[in-house]
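S.K.: Sequence:
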Amino acid sequence: MDNIVFGLELRGVPEAERLAQGRQYLKMVGLERFESRYPHELSGGMKQRVAIARALVNHPRALLMDEPFGALDAQTRNTMQSELLRIWQEEKQTVVFVTHSVDEAIYLADRIVIMSARPGRIKDIIKIDLPRPRNRTSPDVNLIRDRILCDLRSEIVTC
Numbered sequence: 545m546d547n548i549v550f551g552l553e554l555r556g557v558p559e560a561e562r563l564a565q566g567r568q569y570l571k572m573v574g575l576e577r578f579e580s581r582y583p584h585e586l587s588g589g590m591k592q593r594v595a596i597a598r599a600l601v602n603h604p605r606a607l608l609m610d611e612p613f614g615a616l617d618a619q620t621r622n623t624m625q626s627e628l629l630r631i632w633q634e635e636k637q638t639v640v641f642v643t644h645s646v647d648e649a650i651y652l653a654d655r656i657v658i659m660s661a662r663p664g665r666i667k668d669i670i671k672i673d674l675p676r677p678r679n680r681t682s683p684d685v686n687l688i689r690d691r692i693l694c695d696l697r698s699e700i701v702t703c
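To get my numbering, take the position in the sequence shown, counting from 1, and add 544.
It is worth saying that the hints were derived from the structure and are not from the lab.
All values reported here derive from a predicted model rather than from experimental measurement.
Beta carbons are placed, not taken as given, at the ideal position from N, Cα and C, and that holds for glycine.
Keep in mind that the hints are not guaranteed to be accurate.
Claimed, not checked - Computed list of lysine-lysine pairs in DSS-like fashion (alpha-carbon distance at most 27 Å, straight line): (1) Lys636 - Lys571; (2) Lys636 - Lys591; (3) Lys571 - Lys591; (4) Lys671 - Lys636.
Said to hold, decoys possible - Here are the computed distance ranges between Cβ atoms for each label pair: (5) Gly574 - Asp668: 30 to 40 Å; (6) Glu634 - Leu586: 18 to 28 Å; (7) Glu634 - Asn547: 16 to 26 Å; (8) Arg665 - Lys571: 37 to 47 Å; (9) Gln637 - Leu674: 17 to 27 Å; (10) Asp647 - Glu553: 20 to 30 Å; (11) Tyr582 - Ile670: 33 to 43 Å.
Using the sequences and the hints given, assemble the complete structure.
M.R.: Right under this line is the structure:
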């Protein structure tokens, strides 16, 4: 819990209020039963949930996530993607999510910004107008994936 509410403590939020908010966000990320656990006692996915709770408890205007699920196994990564979407739908928080996974970008994003290789510049912005939850293998998703992969490959070869 101390890990989650540390930012609130630095801002001078009274202890009772800090703990109440911390518990609220622990519950939101599904870790209310693990309130007294230390980081080394948590799985990789649980640590990512704590990181999300720690960020959200401070009520940021935007949540910046740089490859947050990159070190997770495929199953945990998919679960965390779904959890992030659930939390996003509850919080309506702006999220800037950096990933090298085209599939992850399509599953999570409203807009995908494709960057060029060095020097890094915006190459394309693709709006994703598919309903959620998204079917990762639908024809619409496949068309978007093909477009993005072609965009990424075009710096090397012509599609």
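S.K.: Each hint should be assessed against the structure and marked as holding or not.
M.R.: Here is how each hint holds up against the structure:
Taken as a hint, the Lys636 and Lys571 pair is honoured in the structure, with Cα atoms around 17 Å apart against an allowance of 27 Å. Under the criterion of a C-alpha separation no larger than 27 Å, the hint pairing Lys636 with Lys591 is consistent with the structure, at around 22 Å. For the hint pairing Lys571 with Lys591, the CA-to-CA distance comes to about 14 Å; that is within 27 Å, so the pair holds. Distance hint between Lys671 and Lys636 is fulfilled; the C-alpha atoms sit about 18 Å from each other, no more than 27 Å.
Distance hint for Gly574 and Asp668: a CB-CB separation of about 36 Å, consistent with the stated range 30 to 40 Å. Taken as a hint, the range 18 to 28 Å holds for the pair Glu634 and Leu586, whose Cβ atoms sit roughly 22 Å apart. Taking 16 to 26 Å as the suggested C-beta distance range, the pair Glu634 and Asn547 conforms, at roughly 21 Å. Our hint of 37 to 47 Å for Arg665 and Lys571 holds, since their Cβ atoms are close to 42 Å apart.
In this structure the supplied range 17 to 27 Å holds for Gln637 paired with Leu674, their Cβ-Cβ distance being about 20 Å. Against the hinted window of 20 to 30 Å, the Cβ-Cβ separation of Asp647 and Glu553 comes to about 38 Å, which falls outside the hint. At about 42 Å, the beta-carbon gap between Tyr582 and Ile670 stays in the expected band of 33 to 43 Å.
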